[in-house]
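Visitor: One-letter residues, chain by chain:
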Amino acid sequence: MVEWSDAERSAISGVWGKVNIDEIGPQTLGRLLIVYPWTQRYFGSFGDLSSAAAILGNPKVAAHGKVVLGALGKAVKDLDNIKATYSSLSQLHCEKLNVDPDNFRLLADCLTIVVAIKLGAAFSPQVQGTWQKLLAVVVAALSSRYF
Amino acid sequence: MVEWTEFERATIQDIFSKMDYESVGHNALARCLVVYPWTQRYFAKFGNLYNAAAIMGNPLVAAHGAVVLHGLDRAVKNMDNIKATYAELSVLHSEKLHVDPDNFRLLADCLTIVVASKLGTGFTADVQAAFQKFLAVVASALTKQYH
Chain A
10 MVEWSDAERS AISGVWGKVN IDEIGPQTLG RLLIVYPWTQ RYFGSFGDLS
60 SAAAILGNPK VAAHGKVVLG ALGKAVKDLD NIKATYSSLS QLHCEKLNVD
110 PDNFRLLADC LTIVVAIKLG AAFSPQVQGT WQKLLAVVVA ALSSRYF
Chain B
2 MVEWTEFERA TIQDIFSKMD YESVGHNALA RCLVVYPWTQ RYFAKFGNLY
52 NAAAIMGNPL VAAHGAVVLH GLDRAVKNMD NIKATYAELS VLHSEKLHVD
102 PDNFRLLADC LTIVVASKLG TGFTADVQAA FQKFLAVVAS ALTKQYH
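Residue numbers (this note's numbering), protein chains in the order written: chain A, 10 to 156; chain B, 2 to 148.
Worth double-checking, as some hints may not be accurate.
Claimed, not checked - In silico EDC-like links for lysine to aspartate or glutamate, alpha-carbon gap of 20 Å or less:
1) B/LYS46 - B/GLU96
2) A/LYS69 - A/ASP31
3) B/LYS78 - B/ASP21
4) B/LYS134 - A/ASP111
5) B/LYS119 - B/GLU7
6) A/LYS127 - B/GLU96
7) A/LYS142 - B/ASP103
8) A/LYS83 - A/ASP31
9) B/LYS145 - B/GLU89
Said to hold, decoys possible - Calculated Cβ distances over 10 Å to all of chain A for the following chain B residues:
10) THR6
11) ARG32
12) PHE47
13) LEU61
14) ASN79
15) HIS148
What the hints assert, rightly or not - Partner residues aside, some chain A positions facing chain B, computed with beta carbon under 7 Å:
16) GLY26
17) ARG40
18) ALA125
19) ILE126
20) GLY129
21) PRO134
22) GLN137
Bear in mind the hints are in silico, worked out from the structure with no lab data behind them. Ideal Cβ positions, reconstructed from N, Cα and C, are used throughout, including at glycine.
With the hints as constraints, model all of the structure from the sequences given.
Guide: Pasting the structure below:
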């Protein structure tokens, strides 16, 4: 099981406390679709993704960004049980959505960048290390039900 | 050969013309050593890397971070010839320093995070895409001479 020190737990809730899901979610998903354009293949039903402006203005992208970031909140609330928390989401991403798990890391990278922009100097190296550890654990949990 | 749009060229020149090489280089290398601790193996001569505070305060880390970032200058000034520009450095990293080329991506990620937090909202999705493309080309050029 993943071990979290008190400092790590505190750093994570510190970062999460500053994350506004409605703001950070859409930006994160938007950046994923812009910076790694092949990820658009998973969102064929979202309409106009033809340019950065279109993606950032797309209401379905915004709504789905909020859904994804809301789901990340489950990990933050239950750091000791992340694998179990994402078990059914993992199956969904594998069996129904057929998402290559490599993309989880790309989304995590975009989220880290958005958080760095938001927090500025407060996103110190130690905080960054802890945050990336959390995302790595989440990514591993989401990949855990893949064959 | 890599194609660069006008926007990408302008973005890269703009970011580097405003960059504080000493601070950003120090910050990026320190983060790499903190967030991906196995990278410390390449810097055994640097003395105290025992914890994040030691790494951040280590003058050899600061100096070397600046060296690495100034090394990026060559690519900035030679965007149409990045592969040739880094041929020698690639041989050095492979044959003398024995650096796993995966680590170039990790350092590039840390650099992206430092630049993102410095530029704040100025680090838009388009700017992010251009910057990450630039660093990916650099990493690829540095890996080119590996066997």
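Visitor: Against each hint, give a clear statement of whether it holds in the structure.
Guide: Hints and how they fare:
1. B/LYS46 - B/GLU96: holds, 19 Å
2. A/LYS69 - A/ASP31: Roughly 13 Å separates the two Cα atoms, so the pair holds.
3. B/LYS78 - B/ASP21: This hinted pair holds, its Cα atoms lying about 17 Å apart.
4. B/LYS134 - A/ASP111: holds, 18 Å
5. B/LYS119 - B/GLU7: Violated. B/LYS119 to B/GLU7 sits at ~23 Å, over the 20 Å cutoff.
6. A/LYS127 - B/GLU96: The given pair, whose Cα atoms are some 40 Å apart, is violated under the 20 Å limit.
7. A/LYS142 - B/ASP103: The hint holds at about 18 Å.
8. A/LYS83 - A/ASP31: holds, 16 Å
9. B/LYS145 - B/GLU89: The given pair, whose Cα atoms are some 10 Å apart, holds under the 20 Å limit.
10. THR6: Answer for B/THR6: holds, closest chain A Cβ roughly 12 Å.
11. ARG32: violated, 5 Å
12. PHE47: holds, 16 Å
13. LEU61: The assertion about B/LEU61 holds, with a minimum of 16 Å to chain A.
14. ASN79: holds, 24 Å
15. HIS148: Label holds. Min Cβ-Cβ 26 Å, cutoff 10 Å.
16. GLY26: Violated. Min distance 18 Å.
17. ARG40: holds, 5 Å
18. ALA125: Nearest chain B Cβ about 4 Å off; hint holds.
19. ILE126: holds, 5 Å
20. GLY129: holds, 5 Å
21. PRO134: holds, 4 Å
22. GLN137: Interface hint status for A/GLN137: holds (6 Å vs cutoff 7 Å).
Checked against the numbered hints above, the structure breaks hints 5, 6, 11 and 16 and satisfies the rest.
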